[in-house]
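Trainee: With the hints as a guide, bring both chains together as one complex.
One letter stands for each residue in the lines below.
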Amino acid sequence: MPKDEKSLVAGLLLTLLGLAYGLQAWFSYDLGSLRRIGPGMFPLGLGAILTVIGVLIGLSSAARIDRIPRPELRPLLAVLAAFGGFAIGMRWFGTVPAIFALVLIAVHAERGRDRVVQPLLIAAVLSTLVWLLFKVGLGLPLEMFRWRF
Amino acid sequence: MDFFANVALGLETSLAPVNLLYCTLGVVVGMVVGVIPGVGTMASMAMLFPLSFYMSPETALIMLAGIWYGTGYGGRTASILLNIPGTPANAVTCLDGYPMARQGRGGVALLLTTLASFVGGTFGIVLLMAFSPIIAKYALNFGPAEYFALMALGLIAASTIAEGSALKGLAMVIVGIMFGSVGADVYTGAQLYTFGLLDLYEGISMISLAMGLFGVAEVISSIGKIKPGDVDASAAKFSAMKPTRDDMRRSWFPMLRGSSIGAFFGTLPGTGPSVASFMSYALEKRIAREPERFGKGAVEGIMAPESADNSAEMTSFIPTLSLGIPGSASMALMLGVLMIHGVSPGPALITEQPQIFWGLVMSFWIGNIILVFLNIPLIGVWVRMLMIPYHLLFPAILVFVAIGTYTVSNNLFDVGIVVFFALVGWLLRLLDLPAAPLLLGFVLGPLLEEHFRRAMLFSKGSFGTFYDSPITKVVMTLAAILLVWSVVSALKLRNAARTAAPAIPVTSED
Chain A
4 MPKDEKSLVA
14 GLLLTLLGLA
24 YGLQAWFSYD
34 LGSLRRIGPG
44 MFPLGLGAIL
54 TVIGVLIGLS
64 SAARIDRIPR
74 PELRPLLAVL
84 AAFGGFAIGM
94 RWFGTVPAIF
104 ALVLIAVHAE
114 RGRDRVVQPL
124 LIAAVLSTLV
134 WLLFKVGLGL
144 PLEMFRWRF
Chain B
54 MDFFANVALG
64 LETSLAPVNL
74 LYCTLGVVVG
84 MVVGVIPGVG
94 TMASMAMLFP
104 LSFYMSPETA
114 LIMLAGIWYG
124 TGYGGRTASI
134 LLNIPGTPAN
144 AVTCLDGYPM
154 ARQGRGGVAL
164 LLTTLASFVG
174 GTFGIVLLMA
184 FSPIIAKYAL
194 NFGPAEYFAL
204 MALGLIAAST
214 IAEGSALKGL
224 AMVIVGIMFG
234 SVGADVYTGA
244 QLYTFGLLDL
254 YEGISMISLA
264 MGLFGVAEVI
274 SSIGKIKPGD
284 VDASAAKFSA
294 MKPTRDDMRR
304 SWFPMLRGSS
314 IGAFFGTLPG
324 TGPSVASFMS
334 YALEKRIARE
344 PERFGKGAVE
354 GIMAPESADN
364 SAEMTSFIPT
374 LSLGIPGSAS
384 MALMLGVLMI
394 HGVSPGPALI
404 TEQPQIFWGL
414 VMSFWIGNII
424 LVFLNIPLIG
434 VWVRMLMIPY
444 HLLFPAILVF
454 VAIGTYTVSN
464 NLFDVGIVVF
474 FALVGWLLRL
484 LDLPAAPLLL
494 GFVLGPLLEE
504 HFRRAMLFSK
514 GSFGTFYDSP
524 ITKVVMTLAA
534 ILLVWSVVSA
544 LKLRNAARTA
554 APAIPVTSED
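Listed in order, the protein sequences are those of chains A and B. The first sequence begins at 4 in this note's numbering and counts up by one. The second sequence begins at 54 in this note's numbering and counts up by one.
It is worth saying that the hints were derived from the structure and are not from the lab. Misleading hints may appear alongside valid ones.
[Claimed, not checked] Computed footprint of chain A on chain B; a stretch qualifies when at least three of its residues, placed anywhere within it, have a C-beta under 8 Å from a C-beta of chain A: (1) 233-247; (2) 471-478.
[Unchecked claim] Below, a list of computed lysine to any residue pairs in the SDA-like style, where the Cα atoms sit at most 20 Å apart: (3) 349(B) x 297(B); (4) 278(B) x 513(B); (5) 513(B) x 195(B); (6) 513(B) x 41(A); (7) 6(A) x 97(A); (8) 278(B) x 71(A); (9) 295(B) x 425(B); (10) 278(B) x 115(A); (11) 138(A) x 71(A); (12) 513(B) x 48(A); (13) 278(B) x 81(A); (14) 138(A) x 106(B); (15) 278(B) x 48(A); (16) 338(B) x 300(B); (17) 526(B) x 512(B); (18) 278(B) x 111(A); (19) 138(A) x 461(B).
All C-beta atoms, glycine included, are put in the ideal place defined by N, C-alpha and C.
Just chain B, same shape as in the assembly (with noise of 0.2 Å):
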């Protein structure tokens, strides 16, 4: 039926060899930056991003997803190895998996969190197959109103929830939007906000943007602060990586509990795998026999986060892919490509453009055991990369970046952009204004935008309608709701947040 012949269709898609090719390049290049502290998803994405104009949209949809998961995968070998989580979501594997290595453990707790991974990916993956079809499906009775109010919800849970101050994280969500508007007015075609500028007709290109406040502002912050450690290279050695038959015994449980709280966290907005990996651990912890052993190494610490993780990455997919609704910055740049490549993102991809969606899930599998495998041989040579410098690092990135954008037009302009909002970048972390808002308000503003005056043009000027239908209702009473929330909780006292410091991490790769 239907199902199986879209599945098939994945297959033929995603075992295409240039998109294997892709894949793989994706997934390793994610394991790499992934390991590598210092460079981040956003980044490495972000530098990937101008290949992916020789590609036809599904391929590169999958290079980059590649991108994005393999950093779950590589950012553990840094956490366990070298007590240095390689991206925030793993910062909680280094809790009980960093003691694991220090007591001979090492090898044990690679082999087991790649495990967990792919268990946990499996599980997000079979959920991506069944419910965005069936969500896409029911989306597509949506009017303008409707989706005006989903993506001011997901707009709004994605700026509160996370990081920080809820009403830091709203600013930036309208200062990306207002970014977003700078060109030509998609209706009457007029200039907005180009002040004669030419090379703003078309708008603010995303890549530069993204490159320069999450690539080279990254780049600034950390140099000098990075330093490589040093690591017990015998922990890779592969005798020491049999796990024990208590390990397995105590390790299913949490792999499920894991990969059912990752999937949770990975499809609502505002959330995704730190925030699930974090839950996770805490869940663990609290319903475990003897909480003692936690961070001493205990293996359900490293087995449930790892599967959360993973779980969150793959359900991440969910409204981005049947909704055109990013949760994260992440997936504002995979729709962001997709725009790009001339595919409108929305319930209708699934439908229209079915080699896209289930070519992109069947990449899903192939990753992951593409990561599986490269994992277990290769993870002396991940302990070597673990030593490079960042001091010959940075300048690699920084070519890279620049030489990147410079292809995409051939105009200096769009690397001045890189410069410019390098430097917000960099104002934004001095102030502790959040990143990642912006980037979601910048990609989104335009067709919120649409979806507003189009609405209000189909109910001649009248507000009511975003208060009409039984969506629209829910939709928007939730917003109200978390909007209320926010502003109260920020303008109330405390630094929370603050206090909970160490283990809560900066979500601007979620």
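For reference, chain A alone in the conformation it holds in the complex (with noise of 0.2 Å):
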């Protein structure tokens, strides 16, 4: 039985969504009447037609074979947590040591490269050049260091 992965996942995500969206539509919003539409009507529609849309696609798998490449988690899952060192770095600590935060944890995306030097000076590159481009020149409120305690 040939069966393609992919869209049978995708199929499965995406009516889900479509049920969602529009059970949300039809129990807590209004939706008026044909003639005054109220603001639930057209989500109402939208997650129906995806409901359909998302079981052709999930029987649509039946017709091919394919199959999901093993996920490569690493480059996802350092990008990720840069953003969360960013925010964190943001937060609390100021612009810069956010920026240091985001590339030092972004370099762990990749193998066998060097983590430390080459990514410090990465990142004080582009501190310097984020508070040229970003402060000094367009005159935005960044504060490069901060202290929120």
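Mentor: Here it is as structure tokens:
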């Protein structure tokens, strides 16, 4: 039995999304009448259509074979974590620490590379660039360093 | 008369120092982005977008548009010298451009394709100037039902014609519209899908979505995969650049044909520079007297696609500017820029804000000319740029995305949105779901709904209004045909798209 994993999973997710979205509209938002359409009517329609399409996509998975490739999690997690570090930095320590956090974490996305010296340099250069472009050049309110405790 | 007055206004606007500056900035960034693989058009447009807040709408558009067509010029350099297409539309140029470089004729190829791009661009701009005002004037008579029908057709076309499964494209458009619906309802102010989060009251920030979905997601999937190639630096010498008379003789008609094909596919929603360049190459090969020359350094094989590519880039603006209907994700981004600046896109744009339209169009001329002048002497520089290792580049991209997003609203929530959509983008890639329709749906969704509700209001609840006037009849019939065809072909078997794999690009950048 041939199976397209990608379509199956996609179809499933889309169907669920369509249902969730549509049901939320049905139960929580004012649908109005056809004459005077309320905010919930269009979303309800969207949810219904997506549910149908999701089911169709899921069904179409029987038509061919395709496997979901083993996901490379390292780059994904590194980048996501890097942004997390950026957020923490911005919130409590300022722009420059945020940039350093971002770069130093992000470089973990690749194996076997210099994770200390080069990234530190890159972060330093980028911090200077950002300072020049955004703070000096555009006059934006960016705190380079702060101590919010 | 009117036309010349408009052209004069356009020239005046586009030659204003600030617009010249940002036009240059845009095309330079575009070229650089086009040359360097791994940084996409959408990502760079999204990254420069925060800058646009401090400018007037026409300046913002001029800059962003410059990036967009600039990438075509740059991408070709990577195609010819490295056999790596800088943008999907340049993929075809690799086929005959790289062999030419191997034969020591890389410089010639670069010079000739610059010419081809300029010719194509000129062709497209002329059409843009001629047709947009006419279409806009006609469209002013449209009512909400017509708009809804046209937008629906545009969305359906854009999501089904492009790559891969049409059903998946449709699904993504709807997902995009769903994301677009988050926030306050236009008519009643009711909070939809915000679940109490104050930061969502004004909806999801388009720029955060675009940066996450296209910029960061692309970075994530490119890490570790992009390797700078070996460039034959001698190909960039001036002396290597003189084309032969035979080259020139063989180029004129391909350029003309390419420009025409490009104009057609550019105007059509759902197709753009990538499709245009492919079709153009296919046509040249088919009508050539010696088709076996293709793939081995045939001049026609690079001239036609490059003309088509640029021509399509220009004519893509026709539906966008005259009707307010974007044919691709990049166009949707530009429309979004207009909307954020408080300008409502649509047929009235050309008449109510002529300086935006004509200023933009004239800036295309200027941008193309700047590109020609930049290309020739700086070829050596571009060649060096190709050698920047990606592991140095991607942290820079991420930093600019992060800072750029943050400075828009001084709100870390928006950075969170970027992260969320980066994750979404990663998931979409894994499942072969196209991302471009999502952006299209997101930008057009609210407008679509507004027209729908207004049409229903006028018709007092009757759905018949969508099949009433000649325009709606034609448009809805076309839309229905497209829908049926796409559903049918999706349920039928086969990855005909998959087997054509290496040549068919991911058109998310169109």
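Trainee: Now look at each hint and say whether the structure bears it out.
Mentor: Consistency of the hints with the structure:
1. 233-247: n = 7 at 8 Å, threshold three: holds.
2. 471-478: Holds, because 4 residues of the region 471-478 of chain B bring their Cβ atoms closer than 8 Å to Cβ atoms of chain A.
3. 349(B) x 297(B): With Cα atoms ~17 Å apart, residue 349(B) and residue 297(B) stay inside 20 Å; holds.
4. 278(B) x 513(B): 57 Å, violated
5. 513(B) x 195(B): Judged against 20 Å, a Cα distance of about 18 Å means the pair holds.
6. 513(B) x 41(A): 14 Å, holds
7. 6(A) x 97(A): 50 Å, violated
8. 278(B) x 71(A): Holds, at about 19 Å.
9. 295(B) x 425(B): Since the Cα atoms of residue 295(B) and residue 425(B) sit roughly 16 Å apart, the hinted pair holds (cutoff 20 Å).
10. 278(B) x 115(A): 14 Å, holds
11. 138(A) x 71(A): 45 Å, violated
12. 513(B) x 48(A): Holds, because 18 Å separates the two Cα atoms, which is no more than 20 Å.
13. 278(B) x 81(A): At roughly 16 Å apart (the allowed maximum being 20 Å), residue 81(A) and residue 278(B) satisfy the hint.
14. 138(A) x 106(B): Measuring from Cα to Cα gives roughly 15 Å; hence the hint holds.
15. 278(B) x 48(A): The hint is violated at about 42 Å.
16. 338(B) x 300(B): 16 Å, holds
17. 526(B) x 512(B): 16 Å, holds
18. 278(B) x 111(A): Judged against 20 Å, a Cα distance of about 15 Å means the pair holds.
19. 138(A) x 461(B): 13 Å, holds
When held up to the earlier numbered hints, the structure conflicts with 4, 7, 11, 15 and fits the remainder.
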